[in-house]
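Asks: Single-letter residue listing:
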Amino acid sequence: MNLYLIQVLNGLGIGMIYFLIAVGLSVIFGIMNFVNFAHGAFYLLGAYLCYAIAAATDSFWLALAVGPLAIGALAWAAETRFLCRLYRVEHMYQILVTLGLALVIQELVVLIWGPIGTHVSAPALFRGVLSYGDFAYPKYRLFVIGFSAVLALTLWLLLERTRYGAILRAGTESTEMVSLLGIDIFRLFSLTFALGAYLAGLAGVLAAPIRGAEPFMGPEALTIAFVVVVIGGMGSFAGALAGGLLVGVVQSVMSSLWSEGANVMIYVAMALVILLRPRGLFGRT
Amino acid sequence: MLASIAAVVVLPLILPSVAMATEVVVFIVATLGCNLLLGYVGLLSFGQAISFGVGAYACGLALIHLHVGVWGGLFAALICSAIAGLVVGALSIQKRGIYFVMLTFAFSQMFYFIAYAMAGVTGGDNGLLNVPRPPLTVFGVTLLSLATPLSMYSMAAIVFLILFAFLRRVVASPFGSTLIAIRENEERAIAVGYNTRIFKIIAFVFSSWVTGIAGALYALFLNFAPLSNIDVSMSERIIIMTIVGGANSLFGSVLGATFYVVVGNLLSSVWPRWLLVLGIILIVVAGYLRGGLWSGVEWTWQRLRARWAVAGAIEQREDGGDA
Amino acid sequence: MSAEPRTALAVEGLTKHFDGFAAVKHVSFTVREHSVHSLIGPNGAGKTTLFNCLTGGLKPSAGRVIFAGRDITHLPPHRRARIGMGRSFQVTSLFQNLTVFESLRIAAQAQTGLAALDFVRPKELLGRAIADAELVLDRLGLGPYRDTKAGELSHGRQRLLEVGLALAVRPSLLLLDEPTAGMGVEDIGAMKELIATLARNYTIVLIEHNMRVVLDISDMITVMHLGEVLVEGRPDAVRRDDRVKAAYLGSEG
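Protein chains in written order, with the numbering used here: chain X, 1 to 285; chain G, 1 to 323; chain S, 1 to 253.
Worth double-checking, as some hints may not be accurate.
Examples of chain S residues toward chain G, derived with CB under 10 Å [as the list claims (entries may be wrong)]: (1) G56; (2) G57; (3) P77; (4) Q96; (5) S103; (6) A116; (7) D118; (8) V120; (9) R121; (10) P122.
Sample of chain S residues lacking proximity to chain G, with all beta carbon distances greater than 10 Å (derived) [what the hints assert, rightly or not]: (11) S28; (12) T48; (13) L58; (14) A131; (15) G141; (16) P144; (17) G182; (18) A190; (19) Y248.
Restraint ranges, calculated between C-beta atoms of paired labels, are given here [said to hold, decoys possible]: (20) S:G57 / G:I158: 41 to 51 Å; (21) G:K95 / X:E220: 18 to 28 Å; (22) G:A3 / S:D147: 23 to 33 Å.
In short, the hints are calculated from the structure, not lab data.
Source: prediction; values computed, not measured.
Even for Gly, the Cβ is constructed at its ideal location relative to N, Cα and C.
Just need the whole structure built from these sequences, with the hints factored in.
Replies: Okay, structure coming up:
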């Protein structure tokens, strides 16, 4: 029973991280119809910036605050410099260019920090376990669940209650309408892309104390993000959340039962969703 | 076609090793398979690794357990990868656009984890070891011992040339012309009466068995079928080779695969982070030079011809003016 | 003494709903063989929806479409071309990078059944497709442009090619969706002539907004309004019908 609970909690924690990665990708695709294969690289950068900043300043919190912002800024720069040329182009070229970008980022990471991964410690505040009678669970993971939940709520408020959020939601329906309303569509895209990258970077920072930082973690994050986005529905906040938690929990619980099977199941689920209900759990057609 | 024959003859001579030339040829074949789907039908599939891996495993297993000859191994690879292609293709074709791509991606990952899980058959993480390389025989008569690198290369080169000639016919055939029409405007193709689904599935199967044969050749070459054959990054590599070489022409596959393998091998020994350069190349090619290297070659050729034409015209004028 | 003209196409009680909105309501009409039957009506009348039900792009919610005595209501689009229904698109939909001749050849090739799946012999050997393409090329007068890429043609000639692709499938019925869309005056004249001569050998169903063209060449006109058939009759009758005028003027209010 305890083991089961631990796996579920693990699943929730990792699921929230998946949500953070996926929601950015989903929104980027929903609004800009842009397939971003560099998304995993932003996650990677997040983990490494966490390591670097925490190592330099001994403060995880600084890493949490600054790292994702830096990544968002980098994404903004990339988007405005050359990615924006690709919006009209077939998805294939978007995939290739962002794949190239992902490779460049990955190799730079190895150049700077070496090919072997490193361990990242949790912030002092949340080290160790929380005990409740017989049951013990790492404090940091609980923090991740809680913090991500707050983040999810903030994002939701951003989407539902602010002007930017309204524009974003309108944008997922029709970018033409939005630009006809006089809104600078290119600024919107840049902002959205940067936001997506910010969230992916944030996910990386949060994940670092759990998973460490390793140069080849980008592709894995990307593939999971795709699964979550497909299952939850492209362009849907609720979808990213539901999908992320679902995938996280299933993966976690199955990993103690039959680990290879867990992964196969996830991709079978992805294929089934595409075949039977392509808009996913919450997506629109 | 002549260019291919020439390339194939020249390759082992100009490259640092015959082994590298063999690797190039293996990937040229794989790229041809991808090119058929990507360049001629316009379908971006991440399923190349499935066919490549299945082909390698099928060939290896057939050679190890069934003791068939090289032909048997290639044939096993062809059949198995064609079947895999049929299943994946029939399912994936149900959807179009980005969903098709995502489906092939999902299947690719599935096959990877299945291969990983079936370690008893595939060797799992360790890969399928000790794939033999029996001599090439026809009706029991030994034609060629494949023991030396050069003989292995020759066999691979011949298989490539046969497939290249075959694919050229396919592209010039009614079937091929229909694929191109589907790429140009699928809705129109349907409106004039083509069951585009069937055509796309058949193209998918063709692409699969060609790539499967490449996988088989690779297994013979390495005497080993690693798990990485069926990893989605292998699909990415093959797609990159296809695009960089030029997806619109079959010969582009030759250029793309050669470029990737050679530059990759050379650069990686000089600088382990050569992927950085590849990343930049990708960004440049996919961002600016969409026809790939082949279009760059064509463009240069056209510019040269235009230059010569102008030079010739000026000459004529000067001659005429003198009179 | 001529034989009783046969019905090429019959539409019976065709209805199409979209999430509760009835775009087409119980539309019925018949099209006589070798006639030009035009479908007109103000924007939103349901013409395009109806047209899509005829071509197989949409499945009707109710009703039937009968072609040459056969119920084709649920026949998939690609099969309709094979049984003799050729169509053109309102928004030019060509094979941009294929030459005019190749475009026509491909359309003709689709009718050759299994021969289209031949992956070994050169496509030039498929004589039937080539012959058909030559015929259509000639008919359209696009001979000088046979090696021009479809995307590089002038708009007027692209619209001609649109009709050509419909012709190349050896149809008995031509479904033309605003063939004169975006055309200049001269080109419209040529298109009008073409359609009129085609009517001698084919049955033509036309959606058109250009009233001059419709009144000049139609044998029969069906006027639609708000998803229903408002009036149906010969050009003279329709032109003078007050209800038609009201429908058009009303919708411009």
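Asks: Work down the list of hints and note, for each, if the structure agrees.
Replies: Each hint, compared with the structure:
1. G56: holds, 9 Å
2. G57: Check passed: Cβ of G57 of chain S comes within 9 Å of chain G, closer than 10 Å.
3. P77: The hint holds - P77 of chain S has a Cβ within 10 Å of chain G, the shortest such distance being about 5 Å.
4. Q96: With a closest approach of 6 Å, the Q96 of chain S hint holds.
5. S103: Status holds, d = 8 Å.
6. A116: holds, 5 Å
7. D118: holds, 5 Å
8. V120: holds, 6 Å
9. R121: Cβ of R121 of chain S sits 6 Å from chain G, so the hint holds.
10. P122: At about 5 Å, which falls below the 10 Å cut-off, the nearest Cβ of chain G leaves the hint on P122 of chain S intact, so it holds.
11. S28: Non-interface label stands for S28 of chain S: nearest chain G Cβ at 25 Å, farther than 10 Å.
12. T48: holds, 15 Å
13. L58: Given a closest Cβ separation of 14 Å, the condition holds.
14. A131: holds, 14 Å
15. G141: holds, 21 Å
16. P144: holds, 22 Å
17. G182: holds, 18 Å
18. A190: holds, 22 Å
19. Y248: holds, 30 Å
20. S:G57 / G:I158: 41 to 51 Å: holds, 49 Å
21. G:K95 / X:E220: 18 to 28 Å: holds, 24 Å
22. G:A3 / S:D147: 23 to 33 Å: holds, 25 Å
Every hint from the earlier list agrees with this structure, and none is contradicted.
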